[in-house]
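Residue-level listing of the chains:
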Amino acid sequence: MSPMTAQVVTLKIDGQDVSAHENDSILTAAREHGVFIPTLCNLDGLTTLGACRLCLVEMAGSPKLLPACTTKVSEGMEVVTSSERIAKYRRMVIELLFAEGNHICAVCVSNGHCELQSMAQTVGMTHVSVPYLYPKRTVDASHERFTVDHNRCILCMRCVRVCDEIEGAHTWDVMGRGTAAKVITDMNQPWGTSDTCTSCGKCVHVCPTGSLFEKTASVSEMLKRRHFLPYLTMMREEVE
Amino acid sequence: MAKTITIDPVTRIEGHAKITIHVDDKGEVEDARFHITQFRGFEKLSEGRPFAEMPSLMARICGICPVSHLVASAKACDDLLAVDIPQTGANLRAIMNLAQLVQSHALSFFHLSSPDLLMGMDAAPASRNILGVAEQNPQLALDGVRLRKFGQEIIATLGGKRIHPAWIVPGGVNAPLTEAHRTEILSGIPAALEMAQRAIDWYKSIADRYREEQTTFGNFPSLFMGMVSPDGGLDHYDGKLRIVDAAGNIIADQLDPKKYADYMAEATEDDTYLKSVYYKPIGYPEGSYRVGPLARLNVASYAGTPRADAEMRLFKKIQRGAVLSSFFYHYARLIEIMYGIERIEELLNDPDILSTHVRAHASPNRLEGIGMAEAPRGMLMHHYKIDENGIMEWANLIIATGHNNMAMNRSVLQVAKHFVDGNKLEEGMLNRVEAVIRTYDPCLSCSTHAAGKMPLHVRLVGPDGALLDEKRRD
Chain G
1 MSPMTAQVVT
11 LKIDGQDVSA
21 HENDSILTAA
31 REHGVFIPTL
41 CNLDGLTTLG
51 ACRLCLVEMA
61 GSPKLLPACT
71 TKVSEGMEVV
81 TSSERIAKYR
91 RMVIELLFAE
101 GNHICAVCVS
111 NGHCELQSMA
121 QTVGMTHVSV
131 PYLYPKRTVD
141 ASHERFTVDH
151 NRCILCMRCV
161 RVCDEIEGAH
171 TWDVMGRGTA
181 AKVITDMNQP
191 WGTSDTCTSC
201 GKCVHVCPTG
211 SLFEKTASVS
221 EMLKRRHFLP
231 YLTMMREEVE
Chain P
1 MAKTITIDPV
11 TRIEGHAKIT
21 IHVDDKGEVE
31 DARFHITQFR
41 GFEKLSEGRP
51 FAEMPSLMAR
61 ICGICPVSHL
71 VASAKACDDL
81 LAVDIPQTGA
91 NLRAIMNLAQ
101 LVQSHALSFF
111 HLSSPDLLMG
121 MDAAPASRNI
131 LGVAEQNPQL
141 ALDGVRLRKF
151 GQEIIATLGG
161 KRIHPAWIVP
171 GGVNAPLTEA
181 HRTEILSGIP
191 AALEMAQRAI
201 DWYKSIADRY
211 REEQTTFGNF
221 PSLFMGMVSP
231 DGGLDHYDGK
241 LRIVDAAGNI
251 IADQLDPKKY
261 ADYMAEATED
271 DTYLKSVYYK
281 PIGYPEGSYR
291 VGPLARLNVA
301 SYAGTPRADA
311 EMRLFKKIQR
321 GAVLSSFFYH
331 YARLIEIMYG
341 IERIEELLND
351 PDILSTHVRA
361 HASPNRLEGI
371 GMAEAPRGML
381 MHHYKIDENG
391 IMEWANLIIA
401 TGHNNMAMNR
411 SVLQVAKHFV
421 DGNKLEEGML
431 NRVEAVIRTY
441 DPCLSCSTHA
451 AGKMPLHVRL
461 VGPDGALLDE
471 KRRD
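Residue numbers (the numbering used here), protein chains in the order written: chain G, 1 to 240; chain P, 1 to 474.
Hint data in this document are derived by calculation from the structure and do not stem from the laboratory.
These numbers come from a predicted model, not from an experiment.
C-beta atoms are modelled at their ideal positions from N, C-alpha and C, and glycine is treated no differently.
There may be inaccurate statements among the hints.
[As the list claims (entries may be wrong)] Partial pick of chain G residues on the chain P-facing surface, computed with a CB cut under 7 Å:
{"no.": "1", "residue": "Gly50"}
{"no.": "2", "residue": "Val107"}
{"no.": "3", "residue": "Ser142"}
{"no.": "4", "residue": "Thr147"}
{"no.": "5", "residue": "Ser218"}
{"no.": "6", "residue": "Val219"}
{"no.": "7", "residue": "Ser220"}
[Claimed, not checked] Here are the in silico distance ranges between beta carbons for each label pair:
{"no.": "8", "chain 1": "P", "residue 1": "Ser355", "chain 2": "G", "residue 2": "Arg145", "range": "53 to 61 Å"}
{"no.": "9", "chain 1": "P", "residue 1": "Asp262", "chain 2": "G", "residue 2": "Arg177", "range": "19 to 27 Å"}
{"no.": "10", "chain 1": "G", "residue 1": "Tyr132", "chain 2": "P", "residue 2": "Thr6", "range": "32 to 40 Å"}
{"no.": "11", "chain 1": "P", "residue 1": "Ser355", "chain 2": "G", "residue 2": "Tyr132", "range": "39 to 47 Å"}
Bound-form chain P, shown alone:
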């Protein structure tokens, strides 16, 4: 008998979502969909506000990646002012953005995904969490907590508080870095590098246990999009866009983020509040692409820091062309943690970083502004229109998780088809469906422009709507 399996809500992700799996008469998976069930409306509520309020207002979209919104929003405001901000201001913003990358990636890998990787996808859910990790592998859990702390402390040192600092402002940042703060941040680097290396070594030691997952966790050809520097290196703050295809060929390079409307378009679906973004020249849905750590390492020619580059060379050997399985988001995330720490050190060692010229002052000189930055989950774009007095008239945000929407749906279907048997539900099967979503580290709070965690609730519903089976996990 045909039926629908609903995983609602999906756990260990950031925000509220559910997954439905449609099973045919023989108990085989027919279709699977990922639905985002929250609605927020930040674009609407910004209307009528002074533009200078936007960075802090938009940062409230998320408590995990507020810095990404601060950066993208402040860059959109810079564009409204039509100024080039002082290089030190830009570099200080870049440091905070990388600090957030490190802490957010640490949250995703250690707190949300390492329980699956350490204990196995079929382990008892009661212990398959960060506390279970702390019991079985204390070092791993401790490194996760400390790496998060490393990133959060940098944000607090620079901006005065860990979450939603008001330090990044239109035109730059509102206070220069002090020598004492520079020394303080630099003193944490060696330990952070060691923790990042330990995490990479541990990942490599267990990756082979997940061969089946590697081949089925969103393993399909697609495009990848990410920001790169002018010569194709990793850049999370101020690059241009590059797109590569599944074979690893660069099909578009140095695309101007400000002209995104020329090559990107959004499609809406009936069953989710999340809009899908696609590459226009190829069309919907074939123009679907992935963003985030996996995509960034696929598009970038090199990282630019010694340890990250060494690891990136190994990453590129996983597959000829682009690395296609979303399982490798985990590995890419760890490499980016390493890169983030190394790059923060480089930026801090630049003597100009202590310059007190960190902000440009101007009134709005344009009525439309676009700002883009790489958030931990991928490319983030803020697009604003103001009236001649600087009051917000319209905003459009394109969020990383939106770019990955189609890829997540395909991944859920692929995993469900491979692992789920509609005749006999097992927890481990459903956990894999969730785990593939976790590889993308979706931030649903952001992508629907809410937050929280809830227990898993799975319902087996027959075609007549009757409840056939129910499983709860608190």
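Just chain G, same shape as in the assembly:
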């Protein structure tokens, strides 16, 4: 992004005329103008992925819903960020996330501090209308300080990105496809045996759910601090 040379474009978000830099995403433009669009995989300081599909918006001339985080603004664009159709899709996205894993809020380390849980409230999810899959997933507690509970993973890939982009270790990655996809450490080996992990804990703090947590945490105790990320990114860019 080079704001100095970027052209300014004007577009409509929810009927309101707004201006944005041409390289901005719809999400960035909306946020700059105080329009709320829900997200889960998106995190300030990390690259954009478009994995969670929660930020879907309507665009004039497009029959499809488009993700606000990966769609760039353009001149004359007309975007709608909230409608009945969008609300339905967003609820469905969250319902599918709940149905796909094993999310038992009551006994979760992140209960009360979970982005998935609060997002379910934000989008007005009252129940899950599709059958739960109850997948058999594992818990890896081999790391000295941290545990990964795959039952609670929503594949947002924040851990993969922060480890690669900020820490530079690239311990985390993803293997498998569809519902069998899972995050892995190194060559799909126990986390505690990873040669690349620096035990920095960034992955734990960016994880939106209770999937990654500190071993000392009991139920509801895993408070995550994520505000440091944009600063880390900023400081590194300055050095470079």
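Assemble chain P onto chain G, guided by the hints.
Frame of chain G; chain P shown alone:
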């Protein structure tokens, strides 16, 4: 003609159960059994979970006594960490455990059993419930509701919510007590003591009406087991086990809960999901013992608080040796309510209770841990095994109602033999069979490691399986 009477489900208890009564050709009761018809499997579903999740996970076994499971589970986790937790942490846990004792006992006595005691065992079932009590003796019903509230509010004040608070954690508790909260809890004590005293006085005023029940409601010699402090006083949080026989002699004392496998064993029966526990040195089934309020007062030498001690002296005079009739569970429960309130006050008045050092931090240092506490219904034990990463590999829970299983079966048979006439079924007879179960305040949800209430359904079935008579109560 021989037949079987089935009471299914049993009402005003916590969980699902049925009673079958076998009647011979002459219409006399031959045998009676108490069956628990629910199955839950908490031990199995804990496998593979991080151990620190266990207190909250196991608390979900029950909505009435979640704190007991929190305490026993957290103590098992302390044992895995191999740490001594800060005394203030232990005392705060003890306060929450007593608060739950008070509210659970209040539920059992006022909501579930006082209708039988106030209106009589033969009263019309339509009004023989807590609403009927509210009509006939508003003060009694109000005290019941308020005593429950007293306990529940303490739990909420300490842990943030009434049911399933996540405050009790491995190593202690996760937040200290504030001065404001201490003052708030203490301000409720005088009224609670008054209500407890009123309940005891009322019980004594009506107990004589139930002489026949006193002599037949599970009145038989047995062992009793409960936790006591090092010098034999009542202790619900952190004591060792004592066993007394029917004559009141101490046959085992200061047994280490962690070595339970040396002296306790479980037997399974074909017709119930509830396992029976017995004292190994004496064997099955003679080693059957009772737990809970009656047992605790039978094993303890003293209570340790003034009003409870005064009442306990009267309790011990009921009978030379141990008090054997399960009818007196009610009385014992009321004395324990008094004790709970007094003891909470004592613990809160200790200046150290406001210490902010309430939790020990450690990683697991042992692969096996055992935790035990006195739940309202009796001794509760959690036993865990973990792998070197702290992941649960195995769990065994021994629940109060399991210890009482054999005693409940004997009590049902005794009451059925005395009151039930197979030739002519009457509601009051069957209610007594249920009422004796209620004296134990069984928590079937816990003991099978489900909940709900359903109407009573009695069926008279002939030997050929034909339905002879049927009565429904909605």
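Results of checking the hints against the structure:
no.	hint	in the structure
1	Gly50	32 Å, violated
2	Val107	5 Å, holds
3	Ser142	5 Å, holds
4	Thr147	6 Å, holds
5	Ser218	4 Å, holds
6	Val219	4 Å, holds
7	Ser220	5 Å, holds
8	P:Ser355 - G:Arg145: 53 to 61 Å	28 Å, violated
9	P:Asp262 - G:Arg177: 19 to 27 Å	53 Å, violated
10	G:Tyr132 - P:Thr6: 32 to 40 Å	36 Å, holds
11	P:Ser355 - G:Tyr132: 39 to 47 Å	45 Å, holds
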